[in-house]
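The whole structure should be built from the sequences, with the hints applied where relevant.
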Amino acid sequence: MIEWTEQHVMIRDAMRKFVETEIKPNLEELEHGDSPPYDVIRKMFTSFGMDEAARATFEKRIARERAAEKNGGVAENGKRREGDIDTAGMQLIPIIELCRYCPGIVTAMGVSMGLTASAIMSKGTIRQKERWALPLLTFEKIGAWAITEPGSGSDAFGGMKSTARRNGDGYVLNGNKTFITNGPYADTIVFICKLDDGSEAKDRKMLTFVLDRGMAGLNQSAPMRKMGLHSSPTGELFLDDVQVEKERLLGETEDSPARAGTKASFSMERAGVAAMALGIVEQCRELSVDYARTRVAFGKPIGEFQLIQLKLAKMEVARMNLQNIIFRQIEIIASGKSLDLAEASACKLYAAQAAMEVALEAVQLFGGNGYMAEFQVEQLCRDAKVLQIYAGTDEIQISQIARSLLAH
Amino acid sequence: MKILVTVKRVPDPETSIKVKPDGTGIVTDNIKWVVNPFDEIGVEEALRIKEKVAGSEVVLVSIGDKVAQEQLRTGLAMGADRAILVLADDLDPLGVARVLAKLVDDEKPDLIIMGKQAIDDDSNAVGQMLAELLGWPQGTFASQIELSDDQKSASVTREVDGGLETLSFPLPGVITADLRLNEPRYASLPGIMKARKKELKEIPVADLGVDVTPRVTITKMEPPPSREAGKIVASVEELVNLLHTEAKVI
Ligand SMILES: Cc1cc2nc3c(=O)[nH]c(=O)nc-3n(C[C@H](O)[C@H](O)[C@H](O)COP(=O)(O)OP(=O)(O)OC[C@H]3O[C@@H](n4cnc5c(N)ncnc54)[C@H](O)[C@@H]3O)c2cc1C
Numbered sequence: 003m004i005e006w007t008e009q010h011v012m013i014r015d016a017m018r019k020f021v022e023t024e025i026k027p028n029l030e031e032l033e034h035g036d037s038p039p040y041d042v043i044r045k046m047f048t049s050f051g052m053d054e055a056a057r058a059t060f061e062k063r064i065a066r067e068r069a070a071e072k073n074g075g076v077a078e079n080g081k082r083r084e085g086d087i088d089t090a091g092m093q094l095i096p097i098i099e100l101c102r103y104c105p106g107i108v109t110a111m112g113v114s115m116g117l118t119a120s121a122i123m124s125k126g127t128i129r130q131k132e133r134w135a136l137p138l139l140t141f142e143k144i145g146a147w148a149i150t151e152p153g154s155g156s157d158a159f160g161g162m163k164s165t166a167r168r169n170g171d172g173y174v175l176n177g178n179k180t181f182i183t184n185g186p187y188a189d190t191i192v193f194i195c196k197l198d199d200g201s202e203a204k205d206r207k208m209l210t211f212v213l214d215r216g217m218a219g220l221n222q223s224a225p226m227r228k229m230g231l232h233s234s235p236t237g238e239l240f241l242d243d244v245q246v247e248k249e250r251l252l253g254e255t256e257d258s259p260a261r262a263g264t265k266a267s268f269s270m271e272r273a274g275v276a277a278m279a280l281g282i283v284e285q286c287r288e289l290s291v292d293y294a295r296t297r298v299a300f301g302k303p304i305g306e307f308q309l310i311q312l313k314l315a316k317m318e319v320a321r322m323n324l325q326n327i328i329f330r331q332i333e334i335i336a337s338g339k340s341l342d343l344a345e346a347s348a349c350k351l352y353a354a355q356a357a358m359e360v361a362l363e364a365v366q367l368f369g370g371n372g373y374m375a376e377f378q379v380e381q382l383c384r385d386a387k388v389l390q391i392y393a394g395t396d397e398i399q400i401s402q403i404a405r406s407l408l409a410h
Numbered sequence: 337m338k339i340l341v342t343v344k345r346v347p348d349p350e351t352s353i354k355v356k357p358d359g360t361g362i363v364t365d366n367i368k369w370v371v372n373p374f375d376e377i378g379v380e381e382a383l384r385i386k387e388k389v390a391g392s393e394v395v396l397v398s399i400g401d402k403v404a405q406e407q408l409r410t411g412l413a414m415g416a417d418r419a420i421l422v423l424a425d426d427l428d429p430l431g432v433a434r435v436l437a438k439l440v441d442d443e444k445p446d447l448i449i450m451g452k453q454a455i456d457d458d459s460n461a462v463g464q465m466l467a468e469l470l471g472w473p474q475g476t477f478a479s480q481i482e483l484s485d486d487q488k489s490a491s492v493t494r495e496v497d498g499g500l501e502t503l504s505f506p507l508p509g510v511i512t513a514d515l516r517l518n519e520p521r522y523a524s525l526p527g528i529m530k531a532r533k534k535e536l537k538e539i540p541v542a543d544l545g546v547d548v549t550p551r552v553t554i555t556k557m558e559p560p561p562s563r564e565a566g567k568i569v570a571s572v573e574e575l576v577n578l579l580h581t582e583a584k585v586i
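Protein chains in written order, with my numbering: chain A, 3 to 410; chain B, 337 to 586.
Treat the hints as calculated values from the structure; they're not laboratory data.
In this text the structure is predicted, and so the values were computed from the model without any measurement.
For glycine and all other residues, C-beta sits at the position ideal for the given N, C-alpha and C.
Do not rely on the hints blindly, as some may be mistaken.
[What the hints assert, rightly or not] On the chain A side, residues computed to face chain B include the following (Cβ under 7 Å):
no.: 1; residue: M12
no.: 2; residue: A16
no.: 3; residue: F47
no.: 4; residue: S49
no.: 5; residue: F50
no.: 6; residue: G51
no.: 7; residue: A55
no.: 8; residue: T59
no.: 9; residue: M92
no.: 10; residue: L289
[What the hints assert, rightly or not] So these bits of chain A aren't anywhere near chain B, every CB distance computed over 10 Å:
no.: 11; residue: Q9
no.: 12; residue: N221
no.: 13; residue: P303
no.: 14; residue: V319
Spelled out as structure tokens, the structure:
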């Protein structure tokens with residue numbers, strides 16, 4: 003793939019129109035008010051038939067899995083078909099368009115239907131998928147995916163303190179999770195913890211449970227105040243002797259490879275970040291070019307100063323690079339593969355740094371106006387910073403890339 | 337029931353339009369093109385009828401350059417069934433109405449829905465001319481359309497000066513859509529995917545055997561006069577004085 007297809011352009015135009023009419027006028031309320039972003043996400047789902055499309059895809063997949071179960075094998079992923087490039091783009095283009103105004107909405111949406119639903123889809127039983135994943139995929143329900151704890155983020159597996167203890171046929175869960183996207187409002191929570199069977203902490207198995215809002219012993223905090231991404235509510239979860247049946251253990255067995263599944267989620271999450279970065283960079287570049295043309299200093303438009311030109315040129319280089327990364331991602335999704343973790347890390351590292359750098363330069367190019375909330379680059383700059391922190395910090399991406407280089 | 341809907345490719349109302357220095361037209365580089373907003377309302381209305389009346393078909397028609405395919409695809413993505421693109425340059429309203437009348441002969445629709453006007457040249461003429469050429473009843477500037485249960489007649493509420501007027505007439509007929517008729521849907525993502533596979537037939541205008549010699553020619557275009565910078569005055573007296581002596585409004 004070397005350029006957007008006709009279908010991609012149509013999706014982009016339709017999304018752009020939605021963003022301009024439904025999000026842009028409500029940006030103030032979404033970013034600085036108390037309204038969570040879920041109504042607008044649901045409106046997007048129904049307007050574009052995304053809920054029905056998700057349901058149809060889900061049903062096809064479940065039918066394949068049931069058939070495979072009967073034959074005693076594992077469901078095979080479909081082969082590449084004509085139109086797969088368009089379908090793959092359909093997943094990324096809405097992210098790009100939304101991020102031009104509201105990276106927070108993408109985070110809230112991506113964590114729910116991406117991370118949370120995917121965790122259930124990759125490890126759950128068919129019954130668990132139907133019960134919990136489907137309502138997340140159609141955005142009927144809001145999901146949260148909880149691994150980070152006050153004492154462990156980058157070292158999520160090693161430092162994890164949350165526990166599950168066997169209790170008859172079920173388990174008792176305890177622990178605190180923090181920085182959890184959608185935590186304050188989630189209906190469905192994927193909770194990752196370690197099986198406390200008396201063995202050494204480092205030898206304990208990782209288990210993943212699905213919780214529902216309102217279960218006894220589960221507390222969801224109010225949204226935390228933060229630097230940016232205000233339209234994505236982030237909170238803490240407190241579990242105090244939460245009793246669960248085995249049907250809430252993903253896969254309904256202690257022996258499903260929890261760690262491998264979680265790593266696959268990381269890889270997908272990182273791919274999404276490149277699309278987010280492209281949206282931020284496109285918008286900053288567009289606003290900056292306009293401003294450079296019209297803002298006059300020393301008797302000429304600031305775009306005539308070479309130092310300003312350098313900023314614009316760098317923004318364009320970043321935009322081209324990110325777009326090419328997205329094209330490669332679309333190719334890979336379309337051919338039914340996924341990026342390996344090292345490449346996903348490289349893309350995420352580049353994308354996060356490019357978005358941050360471009361957004362900072364945009365603020366600089368706007369001068370005092372750049373620092374004022376009225377000019378959108380201020381918000382995009384605060385929002386861009388999170389790309390270097392969540393889904394694995396820059397430092398963690400770097401060490402993963404290096405580790406894969408040195409492994410051979 | 338079969339509904340024919342027109343879809344014209346026009347510059348996005350949000351784009352700033354520049355007139356060519358020689359006044360022969362507008363600068364078309366870097367312009368974003370969209371479906372004429374009134375036509376989009378027409379497509380939406382046709383789709384709503386299709387959702388109510390089982391077995392209906394919505395056929396889109398555009399007349400113009402090959403690139404108007406994009407706008408037809410948008411209409412197909414919204415849910416129309418198929419599209420016809422008549423390839424022709426620079427027709428005047430009567431030429432367009434004649435081409436449409438010929439297509440109506442071939443397609444035999446029960447209803448034609450069009451935008452009340454295209455937002456590029458704002459002629460507001462084709463709907464009326466087409467009804468006349470066909471000898472069909474017309475309901476222009478519709479803000480509400482109701483079909484009888486047997487779909488043999490339509491009742492159209494029109495926005496006229498000072499109020500609303502309701503007309504009833506037998507079908508087939510021509511209806512032109514006003515702004516408040518409905519709010520068009522977004523093309524859904526599955527709709528966009530399906531649009532690619534729907535029929536889009538191209539017909540060179542010469543194949544239709546219709547006389548489209550323009551009777552109207554555009555002699556010159558010019559931009560509206562640009563606004564001059566305002567003036568800041570020091571006192572109410574000075575303002576009143578200037579309004580009297582300079583602006584001559586009091
Ligand atoms: C807005 C937001 C939303 C989030 N949403 C979720 C969510 O939905 N679910 C969830 O589970 N988590 C979520 N997180 C948590 C996020 O994934 C973690 O914050 C992130 O992984 C970093 O962990 P930490 O905060 O504990 O930092 P730490 O791990 O304490 O890192 C502190 C610093 O040390 C560096 N560092 C750590 N280890 C190394 C190393 N080996 N080599 C070099 N440097 C290192 C880090 O890069 C960082 O600079 C979210 C965070 C934010 C900000």
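These are the hints, each one checked on the structure:
Residue-level restraint check for M12 of chain A holds (minimum Cβ-Cβ distance to chain B is 5 Å; threshold 7 Å). Taking 7 Å as the C-beta cut-off, the interface hint given for A16 of chain A holds, the closest approach to chain B being about 5 Å. Interface hint status for F47 of chain A: violated, as the beta-carbon distance to the closest one in chain B is roughly 10 Å, over 7 Å. Because the closest C-beta pair between S49 of chain A and chain B is about 5 Å apart, less than 7 Å, the hint holds.
With a cut of 7 Å, the hint placing F50 of chain A at the interface with chain B holds, because the nearest CB-to-CB distance is about 5 Å. Taken as an interface hint, G51 of chain A checks out: its beta carbon lies about 3 Å from the nearest beta carbon of chain B, inside 7 Å. Because the smallest distance between the Cβ of A55 of chain A and any Cβ of chain B comes to about 5 Å, under 7 Å, the interface hint for this residue holds. About 10 Å separates the beta-carbon of T59 of chain A from the nearest beta-carbon of chain B, more than 7 Å, and the hint is not met.
Annotation: M92 of chain A was flagged as interfacial toward chain B, and the flag holds, the nearest CB pair being 5 Å apart, inside 7 Å. Of the supplied interface hints, the one on L289 of chain A is violated, with its beta-carbon coming no nearer than about 16 Å to a beta-carbon of chain B, more than 7 Å. The claim that Q9 of chain A lies off the interface is violated: its Cβ sits roughly 6 Å from the closest Cβ of chain B, which falls inside the 10 Å cut-off. Every beta carbon of chain B lies more than 10 Å from that of N221 of chain A, the smallest distance being close to 37 Å; the non-interface claim holds.
Distance check on P303 of chain A: its Cβ is at least 17 Å (rounded) from any Cβ of chain B, clearing the 10 Å threshold; non-interface status holds. At roughly 22 Å, the least C-beta separation between V319 of chain A and chain B is larger than 10 Å, which holds for a residue marked as non-interface.
Checked against the numbered hints above, the structure violates hints 3, 8, 10 and 11; every other hint is satisfied.
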